[in-house]
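Okay, so the sequence shown: first residue is 1 according to the numbering used here, each after it adds one.
In case anyone wonders, no lab produced these hints; they're calculated from the structure. Just so you know, these numbers come straight off a predicted model, no measurement behind them. Take the hints with a grain of salt, since some may be wrong.
Distance windows between CB atoms, simulated [stated by the list, open to error]: (1) A93 to G178: 24 to 30 Å; (2) E183 to E103: 17 to 23 Å; (3) G196 to S160: 15 to 21 Å; (4) G196 to S145: 30 to 36 Å; (5) T191 to E134: 32 to 38 Å; (6) P190 to E108: 35 to 41 Å; (7) D146 to P111: 20 to 26 Å; (8) V169 to T94: 35 to 41 Å.
Glycine is no exception: its CB is placed at the ideal position from the N, C-alpha and C atoms.
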Amino acid sequence: MADKPDLDSAYALNAADDNRQFYRDWAASYDEVFVAETSYQLPDMVAATYLQLAGEWPCLDAGCGTGALGEHLAFGAVVDGVDLSSDMLAVAATKGRYRNLVEANLKEQLPFDDGEYAGLISSGTFTHGHVGPEAFDELTRILRSDALAVISIKPEVWESHAFGPAFDVLVGKGLITGPEIAEVNVYRDPTMAPDGHGDDRGLIVTFRKV
């Protein structure tokens, strides 16, 4: 590996193969070097929101990575994870929080049945250009009626990739309820954040499948 993976490099990713290579390099140290050392709190906040809103099981963690989000769910939660990176999934598998872990591209058809899941969670996936709102055609397909979705989305990506209009289309088709959006701090302690990212904000987006 020529360079140590960092947040700005992650945000610059686009192609699927670039994502796989980047997270292959970062998988072993992601939890320690990024999540713990920077006080990254989006996984905790997404999990807390899902539990507070009485999210049910089984639930799919979309773009689960190393399982940082799953660690914040109560033991006994029935959660499956899907991610593009087999190396990140290998780390998630060591944590004992996931029923199944599946390697798949969120931009393609997912290997799950219609209405298979009672909930959807995601943290840190919709942060750069590789995965946009087109993923929600599949993600809503696999949700059953009244399933709760709690997703974090980077504000700049929300704007640049037109998430708002895309959700409006899903609402107009009668597929989801109108999303509720809360803006939060990405890092619990800004002084611990990666250089230049102490003031980063994230959107916690919630909706239900109709």
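Now the hints, each set against the structure:
The hinted window of 24 to 30 Å between A93 and G178 is violated, with their beta carbons roughly 36 Å apart. Judged by the Cβ atoms, the range 17 to 23 Å given for E183 and E103 is violated: they are separated by roughly 32 Å. Taking the beta carbon of each, G196 and S160 are about 19 Å apart, inside 15 to 21 Å as hinted. Distance hint check for G196 and S145: the Cβ-Cβ separation is about 43 Å, which falls outside the suggested range of 30 to 36 Å.
T191 and E134 have their C-beta atoms about 37 Å apart, which keeps the hinted 32 to 38 Å range intact. Range check, P190 to E108: Cβ separation about 37 Å, and the 35 to 41 Å hint holds. For D146 paired with P111, a C-beta distance near 23 Å keeps the hint of 20 to 26 Å intact. At about 39 Å, the CB distance of V169 to T94 agrees with the hint of 35 to 41 Å.
Hint violations for this structure: numbers 1, 2, 4, all remaining hints satisfied.
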